[in-house]
Amino acid sequence: MVQLHFIQPDGTRTSIEAEPGRSVMEVVQSNGIAGIVAECGGSMACATCHAFIDEATIEKIGRSSDMEDEMLDFAATPRRDNSRLTCQVTVTDALEGAEIEIPAEQH
Amino acid sequence: MNDPANRAASGCPMSAASRQFEPFEHRGMYDFLASIREDVPIFHAEQIDYWVVTQRDDIEAIMPDSERFSAAIATQPIFPWPETVGALLKDRDFTNEAVQVACDPPRHTRVKGSATKFLNIRQFMGYEDRLRDLVRGYIEKMKGQETVDLVEAITYEFPAQVVFLLLGVTDFDPRKIKAWGDLRLHMIWGNPDEHDLVQGASDLADFWDYTVELVKARKHAPQDDYPSLLFEIRDGDDEILTENEIRSLVFGLLLAGHETTTNAAGNIILELMRHPDQWKAIVEDPGLAKNAVEEGLRYASSVVAWRRQTKEPVTIGGVDLPAGANLLLSLASANRDPAKFDAPDTFDITRSNAREHMAFGKGLHHCLGAPLARLELRILLEELSAAFPRMELAEDNMVFTRTLSFRGPSRLPVRLNEDR
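Chains as they are written, first to last, in this note's numbering: chain X, 3 to 109; chain P, 5 to 424.
Looking at chain X on its own, in the form it has when it is part of the complex (with noise of 0.2 Å):
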């Protein structure tokens, strides 16, 4: 299991361990955390599922590409060089400890 950490906008901290190979949009849903609204659930149509993950995680994974990051243009919270489409992010050791900031809008 790969240990994950959500910060709300206001903060609050969650903290839950996710089984490797979902994706962490899918993670969070069925965790009942809120703000990832993932409306097309997981298809890259709505930028509904955005969120920023922290530079040492991003380092490994990978910043957002092609049509994903085409696609961060149009979240409703402005973009940063940390956003990710949470649909497009799949557990992985490589996220154990990763701190996931959750944007304050979606739409």
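For the record, the hints were derived by calculation from the structure and aren't laboratory data.
All values reported here derive from a predicted model rather than from experimental measurement.
For glycine and all other residues, C-beta sits at the position ideal for the given N, C-alpha and C.
Hints should not be assumed to be uniformly reliable.
As the list claims (entries may be wrong) - If we take Cβ atoms under 7 Å as the criterion, some of the chain P residues that face chain X in the derived model are: (1) Lys116; (2) Thr120; (3) Asn124; (4) Ile125; (5) Arg126; (6) Gly367; (7) Leu368; (8) His370.
To be verified - The following residues of chain P were derived to be distant from chain X, with all beta-carbon distances above 10 Å: (9) Gln51; (10) Gly172; (11) Pro196; (12) His224.
Chain X is fixed; fit chain P onto it per the hints.
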């Protein structure tokens, strides 16, 4: 009639609901749902042999669950077509197949992966200026008139013109597409007689032929549009997408891309006209249009019910159902469930959680056109409120189409009250 007052006379609320439910009648629908929702999470609608699910929690769990519930029934005719219709369609080489809305994984997932390369918020937002120009064009034609039917003048055609933009079509009558769409809805979600169906099937085949020709043209001379991009993604590989799947996707867009938006626009503007203080609020602050769209979709969804079929025995609302049971998920009821929304029967464009409605469904089948519909509706409100700030209803005697799933006013007469 869906008259809640009749309920008192009966004993069991579930069988009373079964008796009172009129699947094709839209008048009184919300009152009926409010009267039963708490006591009757599910009831059987004899006329159509569907189990109607009324509570938000249940509907929210069923919609994304493709393991236990199949979406294949979503676009099947409510009343099966006679053999003559099937034979006619086969004769005319009508090979439309379920690729998205009425399709389960894994095929659904594969096709969706291609469709969303075009049907996504990034692509849609690129059309914003052209959409606004279209709306302004319709508004110019309305100016100077005292009374206008907004359905006739703008909301009927505009979404069809938007679909043509996506398809790169510049030379076709939007009224023809609308007529084909109306017909298809009536054949599948209405209660047509055999004569209507046979006539309808022939028109449906014309509609399909049009699609086939359009797709063929893009295959040979690609443009910057949806079918051309689908061919590029396909790259000759049936494992990615077959040519017939491309035709079916385009055929699907030619219906799904405008009927529900026309109805949603009518519903939202109607409620704003019925609540002049809220219309005035948008006139004064157009920034409110975005949430007004969401509240309109919640309060008066243009899709009031959607279908699933059980794949295995399940229990819903305390009722055990076998595999193969037909479900009618009342989105209208989910959108007014007090468990989710405070004062659910109040129309309030400043409602903070309005966007949590289910007008676009939920999960894997969430409407791919949702960002486009939202954009079209917002632009309509922004432009109409700027052009006709004192617009008001000329009459409030709405007629709704008699279909199971779709709701929208067929006319919307307003006085423009322009400054002279």
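Comparing the hints with the structure gives:
no. : hint   : in the structure
1   : Lys116 : 6 Å, holds
2   : Thr120 : 4 Å, holds
3   : Asn124 : 4 Å, holds
4   : Ile125 : 5 Å, holds
5   : Arg126 : 5 Å, holds
6   : Gly367 : 5 Å, holds
7   : Leu368 : 5 Å, holds
8   : His370 : 6 Å, holds
9   : Gln51  : 33 Å, holds
10  : Gly172 : 20 Å, holds
11  : Pro196 : 34 Å, holds
12  : His224 : 27 Å, holds
Hint check: no violations occur; every hint is consistent with the structure.
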